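Participant: Could you slot chains B and C onto chain A? The hints should help.
One-letter residues, chain by chain:
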Amino acid sequence: MRRRFIVLALLAAAVASSVAAASTKDTRLSLVAYSTPREAYNQLIPEFQKTQPGNGVGFSQSYAASGDQTRAVKAGLNADVVALSLAPDVDELVAAGLVDAKWKRQSYRGMVTNSLVVFVVRDGNPKQIRGWSDLIRPRVQVVTPNPFTSGSARWNVMAAYGAQRKLGKTDKQAQGYLLKLFKNVVSQDKSARDSLQTFNAGRGDVLLAYENEALFAQSRGQKLPFVIPRSTILIENPIAVVKTSDHKAEANAFLRFLRTPAAQRTFAENGYRPVNKAVAREFTKRFPARPGQFTIEQLGLGGWERVQKRFFDPRTGVMARIERQVGGVTG
Amino acid sequence: MSTVDVASRPVRSVKLQSERASTALSLGLVTTYLTLIVGLPIAALVFESLNGGWAGFWEAVSSPEAVGALKLTLWTSIAVALLNAVLGTVTAWVLVRDSFRGKTLVNAIIDLPFALPTIVAGLTLLALYGPQSPVGINVAFTTTSIVLAMLFVTLPFVVRTVQPVLLELDQELEQAAKSLGASNWQTFRRVVFPNVLPGILSGVALAFAKAVGEFGSLVIITGNLPYKTQVSSVFIFSRIESGDRAGAAAVAVVLLAISFALLLSIGAIRHYATRHDRD
Amino acid sequence: MTSPLRRIGLRVIALGYLIVILVAPLALVFYRTFEDGIGPAWDALSTPETVNAFKLTLIITAIAVPLNTIFGIACGLAIVRRRFRGKGVVNALVDLPLALSPVVVGLSLFLLYGLDGWFGWLGDHGIQILFSLPAMVIATIFVSLPFVAREVVPTLREIGDEQEQAARTLGANSRQTFWRITLPAIRWAVIYGVVLTTARCLGEYGAVAVVSGRLQGETETATLRVEERYESFDLAGAYAISIVLALIAVLVLVAMTAIKPKEEAA
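Residue numbers (our numbering), protein chains in the order written: chain A, 1 to 331; chain B, 332 to 610; chain C, 611 to 876.
Careful: at least some of the hints might be erroneous.
[Said to hold, decoys possible] Not close to chain C: a few residues of chain B, all C-beta gaps over 10 Å, as computed:
{"hint": "1", "residue": "384"}
{"hint": "2", "residue": "390"}
{"hint": "3", "residue": "393"}
{"hint": "4", "residue": "574"}
{"hint": "5", "residue": "583"}
[Said to hold, decoys possible] Quick partial rundown of chain A residues pointing at chain B, CB under 7 Å, derived from the structure:
{"hint": "6", "residue": "149"}
{"hint": "7", "residue": "188"}
{"hint": "8", "residue": "197"}
{"hint": "9", "residue": "203"}
{"hint": "10", "residue": "282"}
{"hint": "11", "residue": "283"}
{"hint": "12", "residue": "314"}
{"hint": "13", "residue": "323"}
Please keep in mind that the hints were generated in silico from the structure rather than gathered at the bench. On a predicted model such as this, the values are computed, not experimentally measured, just so you know. Heads up, the beta-carbon is just placed ideally off N, CA and C, and yes, glycines get one too.
Chain A on its own, in the form it takes in the complex:
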């Protein structure tokens, strides 16, 4: 008799507490992003919270290098939304069963911001560096992050390669260009920010960097004049909802918000090129379109999946071979 009473009491307590839990709308979205858009999201999150779908949604945020974040999410870092630096990182999460393969079918093919590979030069551009051909001139010193320690650095390599293909060069000739380019490379730091510090410390004549990084640095008082070459690659930054999220509705609402003109304008103010074409047109002065601009898809190499294998496989990749040749190692 007593046991039945206790069981009933427990049941009642369980029901009461679950009703209480259901009635509090205490959603907390976990945003796991790469390091550079921190400032942008610091503005965007409050803006989202002012909208109706964002009302009452709390955020936990984490910013670090894109590769680090990908590995962390795979190891169990709680995430509802992942905003990473390049598509292959999101694809890695798809392979791990954490993101739906259909993420690319969202608006703008799953991307939320764009940028370009640019040349950061010294004050006054004493070596007159304007295009890719200038980078392989003798005695020009180039600084770029190492494409094997920094996933983002692969944009630099593909920009260089793609620019050659755009000029009509063959695949072999374009690879030859990459070899000449890397012979001029004097520092291959582990990350984009490190290579910027190296450049600031006086190393090199030109730094291969991303437009949004250069603009952000300028906004922080760093003197970083840059030149956008005629042909360069469009860097596309993806964003996706994590499959295991408990708050898919709010997460998707956040993604939708980030693609609204208001949010895209905030991104633009933070140095990112909007994916929203209408908003992009408002900012043509700040973000001039380059005639030879191309995307990774437009190179016709099969997208990042094929490019990763062909160019960046640590043993058989084109870049692995080039690093060996530059390093004076046979084989």
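Facilitator: Frame of chain A, contents of chains B and C only:
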């Protein structure tokens, strides 16, 4: 005579039993702690390194880049350990036996390389000894910069392992030797050095291990050029970033095995050098 | 004692070495912090995130240092005073954590406690290790493990065990011998070991960064705030936080060396 012995025996054997029990307990605790904290992670690395079988393991560690990074890491770490042995001992000596204005302050800052995050260490070394060096010393992006950064992070080791030994060293022995006519060098070599050697060797072992594992402060100033200034820790990172966890673990395991062998050797040298002290 | 020439020579070598390797970098850090006045430094230090980060760093340090100290003394005693098989291996194992780069420490902890790791099933039972305090403490303990042991071992060897044996024959038990004889004899070793361990825990960055998940306001240590300031191009702020860490380490040293026993060392 025999009654006295018999009477005292039980007390001593009870003490011996509790001694053995406390030995077993403390030894058990020490090995448990070591196993949990050190053994588990290393075991996990070894398992992961064999994920691609022995073939995968061999392929990862025999690639020219891996071998190049390994060679560079090992010889710079050994050089740094030896430099520390000499300079660290001199520093410890000066801090214990000498007196000058500001000695307390100097003593207080010896440990600071530990307290500074490696980002700051790297940036500062780059600013001081890089292209914009205020003293005109530019060694950045060369192998010298590797040694420099390693010296910075290993500075406290030999100094701090030799200091306590020197503090406990009975100076009467040295004074006795001097009064018997020994020169300064002979006194050092015969009296001081043998006593200080275990401390030096401890510090050298630590310095070598730390140099091998250093990452953050090395990364910017060396320029990380593959096959030229890329050390193993950064190479391992590039493997992880490329998604090759097993390969990264393989190179890490080889590095660990070599370090372990060297540490065992240093321990053996110490064992041999102090053989006369043992009963 | 030593001739004045030799003394000055040694002093020059030691101070020269320290100036190049240690003092110059520290001076630069100070200079860069206050280059643009005290504003940037103060701004970086006074934000609630930074204050919380310091709290977290101190909590982790307060857990790791005592544990490693107890282990270090026990381990040192075991290695020097006891006979057992595998002593050389234990000795080498104690130093081995240093040889792992922070990246590798992070990798090994992922292999152990990640979703598909050896102990990944703990997560299903609601026990969160990675991206939370436990992993950060484990990583910090790991990288600061050897120092107390390494300090204690040479000193124990140096002082020999005659005093302890004398105490035993006088009837003291193990505990009395330890607290009254052994511990005071190795106090400098323990002091320096604790100082080194504390400094290491304060300045730990790489391994903790990887296993912390860098959750803003939750798992950010002081060194992670340094990274954040660095990423925001606020170098003065980054240096300011580092200086505070250095000051805490110096304070610990001063505090520990001030606890001198009534009887002075020889």
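Participant: All hints are to be evaluated individually against the structure, with a verdict given for each.
Facilitator: Hint check results:
1. Residue 384 (chain B), annotated as away from the interface, keeps every beta carbon of chain C farther than 10 Å; the closest lies near 17 Å.
2. Look at residue 390 (chain B): its CB is around 19 Å from the nearest CB on chain C, clear of 10 Å, so calling it non-interface holds up.
3. For residue 393 (chain B), the condition that its CB be more than 10 Å from all CB atoms of chain C holds, with the nearest at approximately 19 Å.
4. In this structure residue 574 (chain B) is separated from chain C by more than 10 Å, as the shortest Cβ-Cβ distance comes to about 12 Å.
5. With a minimum CB-CB distance of about 5 Å to chain C, residue 583 (chain B) fails to clear the 10 Å threshold, and the non-interface call is violated.
6. Look at residue 149 (chain A): its Cβ gets to within about 4 Å of chain B, closer than 7 Å, so that hint holds up.
7. Hint on residue 188 (chain A) holds. Least Cβ distance to chain B is approximately 5 Å, under the 7 Å limit.
8. The criterion of a C-beta within 7 Å of any C-beta in chain B is met by residue 197 (chain A), whose closest approach is roughly 6 Å, and the hint holds.
9. For the restraint placing residue 203 (chain A) at the interface with chain B, the shortest Cβ-Cβ distance is roughly 5 Å, inside the 7 Å limit, so the hint holds.
10. For residue 282 (chain A), the interface hint is violated, the least distance from its beta-carbon to any beta-carbon of chain B being 37 Å, above 7 Å.
11. Taking 7 Å as the C-beta contact cut-off toward chain B, the hint placing residue 283 (chain A) at the interface is violated, the least distance being around 33 Å.
12. Look at residue 314 (chain A): its Cβ gets to within about 5 Å of chain B, closer than 7 Å, so that hint holds up.
13. Here the hint on residue 323 (chain A) is kept, as its CB sits about 5 Å from the closest CB of chain B, short of 7 Å.
In summary, the structure is inconsistent with hints 5, 10, 11 from the numbered list given earlier, while agreeing with the others.
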